[in-house]
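Novice: Here is what each chain is made of, one letter per residue.
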Amino acid sequence: MFQNKASRWIIVSLTLVFSLLLAGLPSVANAEYGDVILNKYSDANDMAPVIYPHWFHRIRFQCKVCHSELGFKMKAGGNDVTMADIVDGQFCGMCHNGEIAWTTENCELCHSGKPGLKSGIIGTHKTLGPGIW
Amino acid sequence: MSNSVRSGTEKSSHLFLTLIVLVLSTAFIVDAAYAGSWLSIKGDGNHDRRNKTAMKFLQDPEDALSQLPPDTAGNQVDWVKAIEEGYIQPRSNLYDHTEVRMMDLDIIMPETSTMNYVMFPHQQHTAWLDCKNCHPVFFEAEVGVSPVNMGAILEGEFCGRCHGAVSFPLTECNRCHSIIKGTFTGQFGAQYPEGANPEDYAYVPE
Numbered sequence: 001m002f003q004n005k006a007s008r009w010i011i012v013s014l015t016l017v018f019s020l021l022l023a024g025l026p027s028v029a030n031a032e033y034g035d036v037i038l039n040k041y042s043d044a045n046d047m048a049p050v051i052y053p054h055w056f057h058r059i060r061f062q063c064k065v066c067h068s069e070l071g072f073k074m075k076a077g078g079n080d081v082t083m084a085d086i087v088d089g090q091f092c093g094m095c096h097n098g099e100i101a102w103t104t105e106n107c108e109l110c111h112s113g114k115p116g117l118k119s120g121i122i123g124t125h126k127t128l129g130p131g132i133w
Numbered sequence: 001m002s003n004s005v006r007s008g009t010e011k012s013s014h015l016f017l018t019l020i021v022l023v024l025s026t027a028f029i030v031d032a033a034y035a036g037s038w039l040s041i042k043g044d045g046n047h048d049r050r051n052k053t054a055m056k057f058l059q060d061p062e063d064a065l066s067q068l069p070p071d072t073a074g075n076q077v078d079w080v081k082a083i084e085e086g087y088i089q090p091r092s093n094l095y096d097h098t099e100v101r102m103m104d105l106d107i108i109m110p111e112t113s114t115m116n117y118v119m120f121p122h123q124q125h126t127a128w129l130d131c132k133n134c135h136p137v138f139f140e141a142e143v144g145v146s147p148v149n150m151g152a153i154l155e156g157e158f159c160g161r162c163h164g165a166v167s168f169p170l171t172e173c174n175r176c177h178s179i180i181k182g183t184f185t186g187q188f189g190a191q192y193p194e195g196a197n198p199e200d201y202a203y204v205p206e
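So the sequence lines, in the order shown, correspond to chains A and E.
Using the numbering used here, you'd call the opening residue of the first sequence number 1 and step up by one each time.
Using the numbering used here, you'd call the opening residue of the second sequence number 1 and step up by one each time.
Please note that the accuracy of each hint is not assured.
The calculated lysine-lysine pairs, modelled on BS3-like cross-linking and capped at a C-alpha distance of 25 Å, are [what the hints assert, rightly or not]:
# : chain 1 : residue 1 : chain 2 : residue 2
1 : A       : K118      : E       : K42
2 : A       : K40       : A       : K75
3 : A       : K40       : E       : K52
4 : A       : K114      : E       : K181
5 : E       : K52       : A       : K118
6 : A       : K75       : A       : K114
Computed beta-carbon distance windows for the label pairs [to be verified]:
#  : chain 1 : residue 1 : chain 2 : residue 2 : range
7  : E       : P193      : A       : G77       : 37 to 43 Å
8  : A       : G71       : E       : Y203      : 17 to 23 Å
9  : E       : Q59       : A       : A6        : 46 to 52 Å
10 : E       : E155      : A       : K5        : 53 to 59 Å
11 : A       : K73       : E       : Y201      : 54 to 60 Å
In short, the hints are calculated from the structure, not lab data.
Remember, it's a predicted structure, so these values are computed and weren't measured experimentally.
Ideal Cβ placement from N, Cα and C applies to all residues, glycine included.
Produce the complete structure using the sequences and hints provided.
Specialist: If you want it as structure tokens, here you go:
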């Protein structure tokens, strides 16, 4: 076994590659269930895409607050959210105004995605969202 | 002499490297399978790890979700139980003038092919949603009128607007198909309490 240098290196490299592949598996197109990526305007304006976590918000607010009271459409991509609107108190800006939640000066907390992410709702646990079947 | 010493050191360093790699990869696999399966912000593949502010301040799902009643799918949280049993008290409105509407009325849907009948509970849904979130945009307020079907749901329409996206996923068939055929002897449709006036349950547009 391992008689020459080359075969040893092949085995070590294969193990390494295999391990890296396995280790990388959970990070392929994953997020917490219900996370929404908003990248209609972010990349185009040299900002990181926004990752909106439903789980974090629904602990604090019922769905009806954003989707009825504030008027967010219940479809990823159905809301034309611009930064100007948010600063003007629309969309996220209805809470993220320094009164209910922190202000829009904390750019990096929302704009936290990797560049190039595709807009839409993402799943993970068991399903990847509607329309994937 | 010197040759054999060198190859011995090389051999043990290779073994050491292989061992480390194996331990690490096992740790990753075990982690993914058993750690409640919530991915950390750092490791979810979407958040940019170079964003130090976000990495420092954003909460990991596990911190919050592991404290809530467990479930086997979706966020692995039983959100209905969480709100019913007071684990969380999410706000129902921002403005004082907003009317917070809730309703307790079960609807039994019989057109389910070979599957068990579907029971839709308004109570658990209005604990989160307002009437107008679903009526009349996704569902007509009249029983039996909307062409609800599993194909459309799987494509993200009707129930699939939320189930499969934010609420429990469509892999959980029996949670909706919960009325066993053959044992149900009541009326299909709206299950009004005895003596109740159906008009009291009629949909009122805002």
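Novice: Just pull the numbers of the violated hints for me, sorted ascending.
Specialist: Violated hints: 4, 11; rest satisfied.
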